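Asks: Spelled out, the chains give:
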Amino acid sequence: MSDSLYQDALLKLAREAPRQGRLEPNDVSVRLDNPLCGDRVRLDLRMSGPKIAELAHEVRGCVLCQAAAGIVGLHAVGLDRAGVAALAADVDRVLSGQDPVCDALRSFAPVASHRSRHDCVLLPFQALKESMKGG
Amino acid sequence: MRLRDRFPLLAADPKLHYLDSGASSQVPADVLDAVTRFETTQRANVHRGVHRLAEAATAAYEGARDEIARFFGARREEIVFTSGTTAAINLVAHSFGDALAAGDEVVISELEHHSNIVPWQMLRDRRGLKLKVLPVTEEGRIDLGALDGVVTRKTRLIALAHCSNVTGAVVDLARVVAAAKSAGAAVLVDGAQRVPHGPLDIPELGVDFYAFSGHKMYAPHGIGVLWGKRERLEALPPFMGGGDMIRSVTFERTTYAPPPTRFEAGTPNISGAIGLGASCRWMSGLDWPGIVQEEMRLTGRLLGSLAKVPGLRVLGPLGLQQRLGVVSFALGSAHPHDVAQILDRHGVACRGGHHCAEPLMERFGLAGTTRATIAPYSEDADIDALLNGLDEARRLFA
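Residue numbers (our numbering), protein chains in the order written: chain S, 1 to 135; chain D, 1 to 398.
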């Protein structure tokens, strides 16, 4: 059912996504667009060596994209490149219908059967991976 | 018989409220039958073999061209088959556009579909042209008042949508043609959203090129038409090279076939063309005054109902003058994908997104809209379901 996408936990995560806004000054700033729907994510990172010391995200997108950015806000600080790759792989896992390692990603399980919405969830994580390319 | 029941997909699913015809219409049984008949009794390549099937396939393919020409008041040699509106516009951007020189100007508008923006940007970059943009009014119409300032003696082409795929506004082509004539420019019209809503005498419009797609006018995907004035087409070089478009080939020199085959290199989408011909034949048999009246009644009801939804903003004319039943709206800050997802739960198929019109979205400060399109098979129940779905979406997101 489509409406199972919009469970309370996911709506809350989208509404109260931690670390919304811009981070200035920053070491890395990445903007990614989804060309199909116009969703846009901007991610600012401050680094401490190879690890993310602080971040902020700004989303112009749907609830799924906002909630996914909320996961980034909750879990990305402290990660290095390998940690980011592991988090992104966990998102791929939940979108392919498997159990995620990170419990917070369970809210996205109903998205697995909505292929046209996968990119909405993936965009913030793609921005996160993109922002770590230099590291 | 309800018109809806002539569409097998709709007849099989009474709970489906299909309001996404602006993206792809549904296909009536008559068209499906014509395509199946070709594939099961006449399938062969065209313009090549002499065997019975090849003769039958060629007759069916060229017969479809005749049907389409008749439906649009055109000559058969003015009907060029393409894969759709996008391919038709790209054909003109190459064959017409490559004769343009640095400093020449092409005029488009702020509400164009990307397929009537990007080919001209690419041409601009190839040839050093200037691309000028007519603004859009608050009502979502092309501001034709700006024509005088934008069109100059350097203008070579004005390329506009007949009906906006976002706002539903229909442009006054007579004014555009008059402005183009005064500058000696040609006019290309993107007719993709206009042709599903009734017969049209294209030559009478006074334009030079008119592009449209089959899949929005009850025909299969992957087929479309570039109509061009005969003298315009005769003056154009081919776009793509290959089989079928030549008169003779040697290693030293190739001469080209006359239009329309000059522009139809390679094996065409034969069954698609036959489907489009069948669609024109099917449309010819409909009571269009009655259908247009019903489409407008439903559009008026939809616009009136949307106006009462708190926080909802319609992007486009609120009245029925010079507009078609393409209705876009933004529901508060709710994202159109989320709105469309909730509508889907109510059996309503709507489009959500930027509709391949990002500059227009930018103009109105939106990331996207939700779009409902009224078609001949639309009914009050479709609007009821849409409004019920919007109630839920508003509770959830707004």
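Hints were generated in silico from the structure; no laboratory data involved. Keep in mind that a hint or two might mislead.
[Stated by the list, open to error] Ranges of calculated distance between the beta carbons of each label pair, as one might list FRET restraints:
hint, chain 1, residue 1, chain 2, residue 2, range
1, S, 9, D, 391, 40 to 50 Å
2, S, 54, D, 32, 52 to 62 Å
3, S, 9, D, 379, 29 to 39 Å
4, S, 22, D, 139, 41 to 51 Å
5, S, 74, D, 391, 48 to 58 Å
6, S, 9, D, 384, 42 to 52 Å
7, S, 74, D, 310, 25 to 35 Å
8, S, 78, D, 310, 48 to 58 Å
9, S, 85, D, 333, 29 to 39 Å
In this text, all values refer to a predicted model and were calculated from it rather than measured experimentally. Positions of the beta carbon are idealized from the N, C-alpha and C atoms, including for glycine.
Asks: Taking the CB of residue 74(S) and the CB of residue 310(D), does the distance hold inside 25 to 35 Å?
Replies: 33 Å, holds
Asks: Is it true that the C-beta distance of residue 9(S) to residue 379(D) lies inside 29 to 39 Å, as the hint says?
Replies: 38 Å, holds
Asks: Verify the CB-CB distance for residue 54(S) and residue 32(D) against the hinted window 52 to 62 Å.
Replies: 59 Å, holds
Asks: Is 48 to 58 Å a correct range for the gap between the Cβ atoms of residue 74(S) and residue 391(D)?
Replies: 32 Å, violated
Asks: Given a hint of 48 to 58 Å, does the C-beta separation of residue 78(S) and residue 310(D) actually sit inside it?
Replies: 43 Å, violated
Asks: Holds or violated: 40 to 50 Å for the Cβ distance of residue 9(S) and residue 391(D)?
Replies: The hinted range 40 to 50 Å is violated for residue 9(S) and residue 391(D), with Cβ atoms some 23 Å apart.
Asks: For the pair residue 85(S) and residue 333(D), does the Cβ-Cβ distance stay inside 29 to 39 Å?
Replies: For residue 333(D) against residue 85(S), whose Cβ atoms are near 33 Å apart, the range 29 to 39 Å holds.
Asks: Taking the beta carbons of residue 22(S) and residue 139(D), is their distance inside 41 to 51 Å?
Replies: This hint is violated: roughly 35 Å between Cβ atoms.
Asks: Can you tell me whether the CB distance of residue 9(S) to residue 384(D) sits inside 42 to 52 Å?
Replies: Cβ of residue 9(S) to Cβ of residue 384(D): about 32 Å, so the range 42 to 52 Å is violated.
Hint compliance for this structure: hints 1, 4, 5, 6 and 8 are broken, all remaining hints hold.
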